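Generate coordinates for the entire structure from the input sequences, incorporating the hints supplied.
There are 2 protein chains.
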Amino acid sequence: MMSDVCVFAPVSPAAERLRYILGEDDDMPNPTLFTEMDTLQQDGDELEWKESARWVKFEEKVEDGGERWSKPHVSTLSLHSLFELRTCLQTGTVVLDLEGYSLPQIVDEIIERQIDEGMLSPDLREKISFVLLRKHRHQTKKPIHRSLADMGKASGGGARHAHSRSMNDIADTLSTDQLRNKFMKKIPRDAEASNVLVGEVDFLDKPFVAFVRLAQATTLGGLTEVPVPTRFLFILLGPTGKAKSYNQIGRAIATLMVDDLFSDVAYKARDREDLIAGIDEFLDEVIVLPPGEWDPKIRIEPPKKVPTADKRLEKSVHSLNELGQPNGTAGGSGGHSEDEEMFCGGLFLDMKRKLPWFPSDFYEGFHIQSISAVLFIYLGCITNAITFGGLLGDATDNYQGVMESFLGTALSGTVFCMFSGQPLIILSSTGPILIFEKLLFEFSKNNGIDYMELRLWIGIHSCIQCFLLVATDASYIIKYMTRFTEEGFSSLISFIFISDAIKKMVSHTQYYPINTDFKPDYVTAYKCECLPLRSPSPYSSTSKTVSYSLPSYLDWSQLSKKECVKYGGSLVGNTCKYVPDLALMSFILFFGTYSMTVSLKKFKFSRYFPTKLRKLISDFSIFMAIMTFVGLDRLIGLKTPKLIVPTEFKPTRPDRGWIVLPFGKNPWWVYLASFVPALLVTILIFMDQQISAVIVNRKENKLRKGCGYHLDLFWVGVLMAVCSFLGLPWYVAATVISIAHIDSLKMESESSAPGEQPQFLGVREQRLTGILVFVLTGVSIFLAPVLQFIPMPVLYGVFLYMGVASLSGIQFWERIKLYMMPSKYQPDFPFLRHVPLRRVHLFTLVQIICLAVLWVLKSTVLAILFPVMILGLLVVRKMLDMVFSQHDLAWIDDILPGKDKKKDKKKKGDKDDTKKKDKKKGRADDSKDKVRNVKIYCHQLAGLEQKKPC
Amino acid sequence: MMSDVCVFAPVSPAAERLRYILGEDDDMPNPTLFTEMDTLQQDGDELEWKESARWVKFEEKVEDGGERWSKPHVSTLSLHSLFELRTCLQTGTVVLDLEGYSLPQIVDEIIERQIDEGMLSPDLREKISFVLLRKHRHQTKKPIHRSLADMGKASGGGARHAHSRSMNDIADTLSTDQLRNKFMKKIPRDAEASNVLVGEVDFLDKPFVAFVRLAQATTLGGLTEVPVPTRFLFILLGPTGKAKSYNQIGRAIATLMVDDLFSDVAYKARDREDLIAGIDEFLDEVIVLPPGEWDPKIRIEPPKKVPTADKRLEKSVHSLNELGQPNGTAGGSGGHSEDEEMFCGGLFLDMKRKLPWFPSDFYEGFHIQSISAVLFIYLGCITNAITFGGLLGDATDNYQGVMESFLGTALSGTVFCMFSGQPLIILSSTGPILIFEKLLFEFSKNNGIDYMELRLWIGIHSCIQCFLLVATDASYIIKYMTRFTEEGFSSLISFIFISDAIKKMVSHTQYYPINTDFKPDYVTAYKCECLPLRSPSPYSSTSKTVSYSLPSYLDWSQLSKKECVKYGGSLVGNTCKYVPDLALMSFILFFGTYSMTVSLKKFKFSRYFPTKLRKLISDFSIFMAIMTFVGLDRLIGLKTPKLIVPTEFKPTRPDRGWIVLPFGKNPWWVYLASFVPALLVTILIFMDQQISAVIVNRKENKLRKGCGYHLDLFWVGVLMAVCSFLGLPWYVAATVISIAHIDSLKMESESSAPGEQPQFLGVREQRLTGILVFVLTGVSIFLAPVLQFIPMPVLYGVFLYMGVASLSGIQFWERIKLYMMPSKYQPDFPFLRHVPLRRVHLFTLVQIICLAVLWVLKSTVLAILFPVMILGLLVVRKMLDMVFSQHDLAWIDDILPGKDKKKDKKKKGDKDDTKKKDKKKGRADDSKDKVRNVKIYCHQLAGLEQKKPC
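Listed in order, the protein sequences are those of chains P and L. Take the first sequence: its position 19, counting from 1, is numbered 19 in full-length UniProt numbering, and each next residue is one higher. Take the second sequence: its position 40, counting from 1, is numbered 40 in full-length UniProt numbering, and each next residue is one higher.
One or more hints might be untrue.
Since the list gives no way to pick one copy over another, a pair counts as held whenever it fits inside one copy or between any two copies.
Unchecked claim - Subject to a maximum C-alpha distance of 25 Å in a straight line, what follows is the list of computed DSS-like cross-link-like pairs (lysine-lysine):
#  : residue 1 : residue 2
1  : K50       : K135
2  : K824      : K185
3  : K639      : K562
4  : K304      : K824
5  : K297      : K71
6  : K503      : K519
7  : K185      : K604
8  : K642      : K519
9  : K304      : K746
10 : K824      : K604
11 : K824      : K71
12 : K438      : K504
13 : K639      : K577
14 : K479      : K878
15 : K519      : K504
16 : K824      : K186
17 : K615      : K824
18 : K746      : K702
19 : K352      : K479
FYI, nobody ran anything at the bench for these hints, they're computed from the structure. Given the structure is predicted, the values throughout are model-derived calculations rather than measurements.
Here it is in structure tokens:
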């Protein structure tokens, strides 16, 4: 009990008692209790027990007339019923550890005791026994189709046919209805039942109450809906006229029985007083809603999270963090201290950490979700490969083209996913590299240096530099990458994704201009003719200005647009520069794919169809959207631009081979001088790679298998060299696709008790999906016949979705939204409870400005300095330490490693100490709680410190 | 208190006491209480009282570090704090009706009493007085823009600047901060304040508790955040170390003070015991949440509806309806028995009822919402007028065309909205009438009868028949139109709307076919040329087959498509039958308008921007969507089909005048025989009109001004005759547009206390919007220059929206959705709690089948029998009485009037009796409650009976 302010009633002995019994032996947890409440009802002439509610964790009620289970809801009790229950237990019969094997025997036993104690007149023995042994009718859930089939039969208006009847209560065997009950899968295997029987009878003038605990859980025939052995039995029979009260008392004991702590008391109680003490403790913890502010008729939906018995210990006195924890610690989930170790130094430590997981990295990939993930990421990857391949081809005069892009993506991706420290990362070409290649090619061309050889040497240098960074454990820099940097970077990349998708679409519109002057009636006035240039006679067979040899007789009117231009003809007419329908169709495909994906993703949260089907639809939303719009495109049959993959395995440029030789074409000093541009590439790769890895390894993703920054970098270095030798593009972690990869592999708990919310469990960490994606990319050359049906606008729609999806869930984005919300509508974010709004806004503003600056720089040729700008972000973040208090930063951002010392003084307790504490013993023990709270806070602070390298 | 089951504690005297004091005089309601809780805090060296929470109805807390108000939430209390508060009031000082004029004087008075009673040592007098007179610092809410401006200044990390400081507590005047406080508008004018002061001090060793009620509410300087006089004061000072406990006790008393019933007790209490009794009663009513099923850290959002003091009376023992009421009664809102009188017989009664509202029918129209409603409905009306005008023109060889349609719509609509019984109804042409006209015209043509004259006579007969129906009060038939019929009809009309919109779009695609074979590269191959037919020489000037006189020299290549056909040329080429872009653009406009309207409508429920702005956006969503897509259309500049209204005021067909003469063209017997088709028209009009009126007058719409079925029909009859004389189309109530009209005029309460949900108040019932819509329709002829920018696909998008919107909110539609939901995800509809799911499904299935049959019939020529089919629906509904129990029907449908007698026997109580009952007196009085519940049930049943005509 809490300390009393106004010298209230003396401290109850409840706490003392509970501390004693719960402390006895904590070796084995008690079984989960399934509680069923049956009420006595008149069915025609017969009395019977009808199931009226059940509890696994939350209450499910049989609707009055609906013959259906209500949704699981929080049991709202009246205080009165709890007090009445307390009195009932004080005055009624309490039998603990009764040796019972059948219901008749147990009932006899109870009645005998009551008669012995003079509480019951012996002549009522038969009557009570008769009532208690009436048969039980359970509410069984029927599938809808069967209910529909029932309709015809049940049309007479009778409403009783839907019940299953357990024929005889005295039967010891389980009925088929019990065994067939699908509800069983919601109940843990070792569960035991507690049965609550309440009813009014006409022969009693005072209530007959009994609470029984059996020595062994026993199956008592058709007593319980499911084949679960009964451990507890609560019986309340009373005089007529108070059925509602009896019901409330029944609900009260049922709710108590499913309470973690009370059920523990019930299992361990030595006598009646222990039970009463349990109720008193329960009462001390209940949450009270004022009657004027809440309508008791509203059924309260189960909360997302329920305090565990553990947490309930901490509720009293003062708790430092009201809801959630500062971001400085684990954020969502407590106790994941291992995950927070962002790296443990050195390549070998990385390998040591990853190796034990290696087998599971494969067998854990076998899951239906992996298929959708592979399809999704595969489409993203080939779109990326084609886009970048095309751009690289333009930039390097086809020294690296779409073919090289495909091959490089496949090779690098497969190797990386197979051996890296974080196989969830997806490698891809990135913008900065593209710009670097472009500049390098122009430089080589202008200075007569062989591009491929120079590039090879840069690759070799860069690889060596990467190894140096690995060897010196330079990845430690990531400890300065807080939420500020992470979010800035990933938002920027997302924006680039979104703007690229839109830019592509706009360029489509320009490529297929719409003739807005077209008047349907004047269709006769529109044409485009190919006329020979400079040649007065239209059918002259030769043209002096054209270098191509023209066919002897050229029918100009039969030439296509391209041919016409090729042969030097001139296109004359008002439709020449227009292409009908394609621009608008592309827009429809683009926007349609995007919106359909978004809608289907959201479908998971709708009420329609069973959960599994919805989850499937949600998982395959992108696939379904692509299929739909590919279908639509086929149906309409317009010549929209399609995905064209190379079909022949040969370098894009015929004058280059598959191997680049290191010597021979450039002077010797070039081999050394390439060290300098290599340095730029190394920084670029290092920053791009590591920050993407930080984002992937975010604690919110609850990764179990740890990270491997050094190992990742090592492989990126190796691949740099290999790709340089093969003349393939360079690859580095792609933030947005990696996030999409993770999102498509998220696991949620299959909720067990009805009403329990599914919890985010983590990510399906494995190497299989990644490997498959890249192997598929590699064999895409053979998939061309299938892939050619996919219109590019559909793929840009997927890009748009990826960009938008990776923005959601970023706190930065949520904070931007706050600008537009009046404060009273703002969501209840933990940081808003603790940091003044204008400080939050200021922090967001700084981020927006940083992003805007980066965006502008990124659009110029300075883009190759992009990685350096990320370093700039780190500096800005460091400066924020001067503007914001550490308290505020701990909530909005994370605390920089250097600042730990300041908080050190608060760290008094020992975290291990806290964990080992006996849960339930401490509950009744208030004096310790304050100390505990302090310790827990320290434990959280300790979490902060684990960020520093070990 | 409820009856006790297990001989629990003796019945407390609380109930008795409360009954006595609350029963004393119930003449005037007590003022609303605003409660503010201040806690004692150390600010540097100084002590001060800092506002930590406030209550108008729900709790708003000052966030720990956020310096912001939390969202209003339900106060969750611990049981412990309530018991501690009880003890505090038992042991502390309670001063009732103190003559106080300033805080120092009041404080002196309290301290003096405590010293007199020996509860306080005299040497603490100064210290306590010092503490209690420290200044109060309130949490004042700042607008965001000011907070942003603060950012620069406050960047030093200090977080204290946002507070306003009331300079001196002893000051009697109100500070400007208090007067300027915007929160004041959330508090009723006559409100009084109760101030709760809690804090820990180091000089006390036992708590100092005082509860003061002032004889007169007095403004005590800067004590309260808002300039509201203080009536109650609760002070709790205690030894250090228990601040959390004191806080909880403070929250408990504050929550009690805003409880309707306890505040009543507080105002009327004669002594300490009365207050304690008030707490006991409160405790008896509280709702208890088990600690294991709810996390106390979750802030509970205020419920949509809170039980009134009245309702709380009814909670105990048994209540027949758990949530909501059967549909047989008022549905949503109780106590609207007047609205349920669907008609009161006879034309004159209608007029008598409507006349007093006539002035308000105009001045109540002046509201911003009316503008959006007018624009919305206007666009719907002219689209309808053009669509039907075009179709009628086709059907009647332009005897009635678009011009007649506009004129008729304007004339009929204006007259009807001006004089009818239900001015919210919008008149329009409907499908059945169109089909009738078509058949009639064909008949006339084939039999050599003058169509216009025949039509005039049918109109005259029909008008007379309508008058007969009015005179005989035939509208009584509507009492058989239950939810079943209403929903069937309105769903059908909605489906027709939706399918018409989509059909129109599909026909667009056919009208503007897409050339799917177009290859951009072969643009040179596409052309369409006009070549002269049958004429070997291409430039011959005459053509024998064409009746038009051809120009002497015709340049065929210069002719447009239409001209080419006109002059008998032949169109040769592969693009002749295609129109680029228009089909796709139309689709984009159509779907864009629809989706944007839907999204903007939903925007009302988003978190962004202040409520008023959101409401504005939501109200004008259709207008904004139309503007956006008109703009987009203009921007792209394609020749999409536009809205073309006639610009000259003359009959569409030049050979008819504006007046149709009744005699001269047809033989005499036609005048008499037209009685027969007139009968069909009358039934058609009568059913269409009355069922639309029933839908508009639905009780869910909470109309205040009553209905006027007879008056409506009277005017429809008059307009029939007038339109027939003028040769204009006939008009009847249009269901979908009328529903849209009502939807756009819905009013919601401006919520008062923070956290209270806005309630649907009713519809802005007036004649102004309707009249404006039709006057605008009339002058549309002059608006042609503006209207010609609106593409038709945009208007079809509006049509689609209207159809879909009128489906939502229909219970039938909700029930259809149930088919696709697993029962555990189904919403908690009241009828689902009371009617077995398979019965609900069966009922829905019957409705679906009826609808399907109607749909099929409607698509054939049998459509003119449509009104008879509605009669068929009534028969089906009547037969359902045999399949479903009256209980089930009362929940899913309504009960047919004939069935009332069966329930008559249950009607024992007198409804007036129930209303006059003293609310609070009864509360503590349990024995009466059962009787009351029975009476309330009877009252509900009585509501049913009022459906029969009076």
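Do the hints match the structure? See the list:
1. K50 with K135: Within one copy only: 9 Å inside a chain, 63 Å across chains, cut-off 25 Å.
2. K824 with K185: For K824 and K185, only the inter-copy Cα distance (15 Å) is at most 25 Å; the intra-copy one is 43 Å.
3. K639 with K562: within (16 Å within a copy, 29 Å between copies)
4. K304 with K824: both (22 Å within a copy, 17 Å between copies)
5. K297 with K71: Both, since 14 Å and 23 Å are each at most 25 Å.
6. K503 with K519: between (29 Å within a copy, 24 Å between copies)
7. K185 with K604: Close inside one copy (22 Å), not across copies (42 Å); limit 25 Å.
8. K642 with K519: between (29 Å within a copy, 13 Å between copies)
9. K304 with K746: Within one copy only: 18 Å inside, 35 Å across.
10. K824 with K604: Between copies, since 15 Å is at most 25 Å while 29 Å is not.
11. K824 with K71: between (31 Å within a copy, 6 Å between copies)
12. K438 with K504: within (20 Å within a copy, 52 Å between copies)
13. K639 with K577: both (16 Å within a copy, 18 Å between copies)
14. K479 with K878: Result: close within a single copy only, 12 Å intra versus 76 Å inter.
15. K519 with K504: Close across copies (21 Å), not inside one copy (29 Å); limit 25 Å.
16. K824 with K186: Between copies only: 13 Å across chains, 39 Å inside a chain, cut-off 25 Å.
17. K615 with K824: between (34 Å within a copy, 16 Å between copies)
18. K746 with K702: Result: close within a single copy only, 10 Å intra versus 48 Å inter.
19. K352 with K479: within (21 Å within a copy, 82 Å between copies)
Violated hints are absent here; each numbered hint is respected by the structure.
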